[in-house]
Amino acid sequence: MMRKINKCYLFALLLTISISTLQAQTDTISPKRLSLKGKVKKIEDFSYFLEANPKGKRTIDGKRYNIYPFVEDWNIEKNESKYTKTNISCEFDRTGKNTNLVTYYAEGNPFKEANFVYDLGGKLIKSQTNIKVSDGSFVVNKKYVYDDNKRLVKIDEHDGNQLLKSVVFAYDKLGNCIEKSKKMEMPLSFEEQIQVIENQKDFSERTSMEYVKKETYQYNKAGKVTLSEKSFPEQKVFLRTENEYDKKNKLIRAKFLNEENEETNCSYQYDEKGRLKQTICTAKDNTDFYLEMNIVYKPSGKVETIKTRTDVISKKVFDENGLLKLHRTSEFDHKYRYSFDRKGNWKEAVLYENGIPTKIRVRKIEYY
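Numbering-wise (the numbering used here), the sequence shown opens with residue 104 and increments by one.
Treat the hints with care, since some could be wrong.
Claimed, not checked - Now the in silico label distances, taken between C-beta atoms and shown as ranges:
{"no.": "1", "residue 1": "388", "residue 2": "228", "range": "47 to 55 angstroms"}
{"no.": "2", "residue 1": "399", "residue 2": "218", "range": "41 to 49 angstroms"}
{"no.": "3", "residue 1": "228", "residue 2": "282", "range": "20 to 28 angstroms"}
{"no.": "4", "residue 1": "254", "residue 2": "434", "range": "25 to 33 angstroms"}
{"no.": "5", "residue 1": "333", "residue 2": "380", "range": "27 to 35 angstroms"}
{"no.": "6", "residue 1": "158", "residue 2": "212", "range": "47 to 55 angstroms"}
{"no.": "7", "residue 1": "461", "residue 2": "229", "range": "39 to 47 angstroms"}
{"no.": "8", "residue 1": "196", "residue 2": "172", "range": "25 to 33 angstroms"}
{"no.": "9", "residue 1": "355", "residue 2": "129", "range": "27 to 35 angstroms"}
{"no.": "10", "residue 1": "388", "residue 2": "218", "range": "46 to 54 angstroms"}
{"no.": "11", "residue 1": "218", "residue 2": "380", "range": "42 to 50 angstroms"}
{"no.": "12", "residue 1": "224", "residue 2": "244", "range": "17 to 25 angstroms"}
To be verified - With a cut-off of at most 20 angstroms between alpha-carbon atoms, the simulated DMTMM-like pairs for lysine to aspartate or glutamate come out as follows:
{"no.": "13", "residue 1": "376", "residue 2": "318"}
{"no.": "14", "residue 1": "410", "residue 2": "434"}
{"no.": "15", "residue 1": "142", "residue 2": "196"}
{"no.": "16", "residue 1": "268", "residue 2": "130"}
{"no.": "17", "residue 1": "283", "residue 2": "318"}
{"no.": "18", "residue 1": "316", "residue 2": "260"}
{"no.": "19", "residue 1": "145", "residue 2": "388"}
{"no.": "20", "residue 1": "215", "residue 2": "238"}
Because the hints were derived from the structure by calculation, they are not lab data. Just so you know, even glycine gets a beta-carbon here, dropped at the ideal spot from N, CA and C.
Model the full structure from these sequences, guided by the hints.
In structure tokens form, the structure reads like this:
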């Protein structure tokens, strides 16, 4: 079980290959995270099944198709920090700040809508999210608190007067975020309920908050993470990461330990331009565990290949803009084709499975 958890982390590391500093994040999305060019006012992004039909409304490669709303997140950017979630709509003001975000199960079926409010200095100070459930909807309000250095230090999430969740951030003297802790409301025990009744208090005034996640980070003088610990008390999961860098502050080794003291080690190599070219990960207590990723850079993009000691398990080809063109494994062979608008933003992405178009993702972008 724990080895599977470690593998999940390692696959993410193999794909991103960067240990970044912990950032205090909000729920907003920026045009930059969406890899958008130009002054964007609104973007809608929806996915659809494709079904061949001579009377279909959509034409692809000279053939007609019916389209049906579809829920799937397509990771089509080489930069894993980019936001690639589909079935959303986002609105931005003229400065690029996200003012509205709607998430859909599929087109025409919204799941939640969030509205964001900023102060005169541009800091996010509150948000309101309306979430639809089977028997109605409920509203969640968030308040964002900053210190004197304009750093986000706390996010409180309420349902009416009830505190649901609190996220707290701590920083060192250099401004690096060294701790992020999340507490959530937990049901009162029977003894606590009796105590509330005996004290003649309203249950809504009494909340039991417990840690559900805690992260701590240490940095070197260059601001690179040298040690991180992530714990999930409720699931009894723990991950410790130790990072080592060269003189140019390139990550060259990383060691991962879980709560069972299982150890996994990764090494990183770079080309003459400082670009990552190879990553190898092994497990100290399991000689069968071996993952190797090799990256080849070309003027037209790059190729990422992941393999074990005996087999290639994944191959990805990206174009010069970082868009995924091919993803091949032993289980599938996917190719992607894009069309672009006048600003250079892609507006359609067609997924071909074994040479047949099966899905399409459509973006409608409005500009100022």
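Structure-based check of each hint:
Between residue 388 and residue 228, the C-beta spacing of about 48 angstroms keeps the proposed range 47 to 55 angstroms intact. Checked against the hint of 41 to 49 angstroms, the C-beta distance between residue 399 and residue 218 comes to roughly 45 angstroms, which is consistent with it. For the pair residue 228 and residue 282, the beta carbons lie near 22 angstroms from each other, so the given range of 20 to 28 angstroms is met. The hint said 25 to 33 angstroms for the Cβ distance between residue 254 and residue 434, and at roughly 45 angstroms that hint is violated.
Roughly 28 angstroms separates the CB atoms of residue 333 and residue 380, a value that falls within the hinted 27 to 35 angstroms. Taken as a hint, the range 47 to 55 angstroms is violated for the pair residue 158 and residue 212, whose Cβ atoms sit roughly 25 angstroms apart. In this structure the supplied range 39 to 47 angstroms holds for residue 461 paired with residue 229, their Cβ-Cβ distance being about 42 angstroms. Hint check: residue 196 to residue 172, Cβ distance near 29 angstroms, so the stated range 25 to 33 angstroms holds.
At about 33 angstroms, the beta-carbon gap between residue 355 and residue 129 stays in the expected band of 27 to 35 angstroms. Here the CB-CB span from residue 388 to residue 218 is close to 49 angstroms, well matched to the stated 46 to 54 angstroms. Restraint check, residue 218 to residue 380: a C-beta distance of roughly 45 angstroms satisfies the suggested window 42 to 50 angstroms. Distance hint check: the CB atoms of residue 224 and residue 244 are about 21 angstroms apart, consistent with the given range 17 to 25 angstroms.
The suggested pairing of residue 376 with residue 318 is violated, with an alpha-carbon distance near 33 angstroms, which exceeds 20 angstroms. A distance of roughly 14 angstroms separates the Cα atoms of residue 410 and residue 434; the hinted pair therefore holds under the 20 angstroms criterion. The hinted pair formed by residue 142 and residue 196 meets the criterion: a straight-line CA distance of about 9 angstroms does not exceed 20 angstroms. Taken as a hint, the residue 268 and residue 130 pair is honoured in the structure, with Cα atoms around 14 angstroms apart against an allowance of 20 angstroms.
Annotation: proposed proximity of residue 283 to residue 318 holds, straight-line Cα distance about 5 angstroms (limit 20 angstroms). Using a Cα cut-off of 20 angstroms, the hinted pair residue 316 and residue 260 holds, with the two alpha carbons roughly 16 angstroms apart. This hinted pair does not check out: residue 145 and residue 388 have alpha carbons roughly 51 angstroms apart, beyond 20 angstroms. Taken as a hint, the residue 215 and residue 238 pair is honoured in the structure, with Cα atoms around 14 angstroms apart against an allowance of 20 angstroms.
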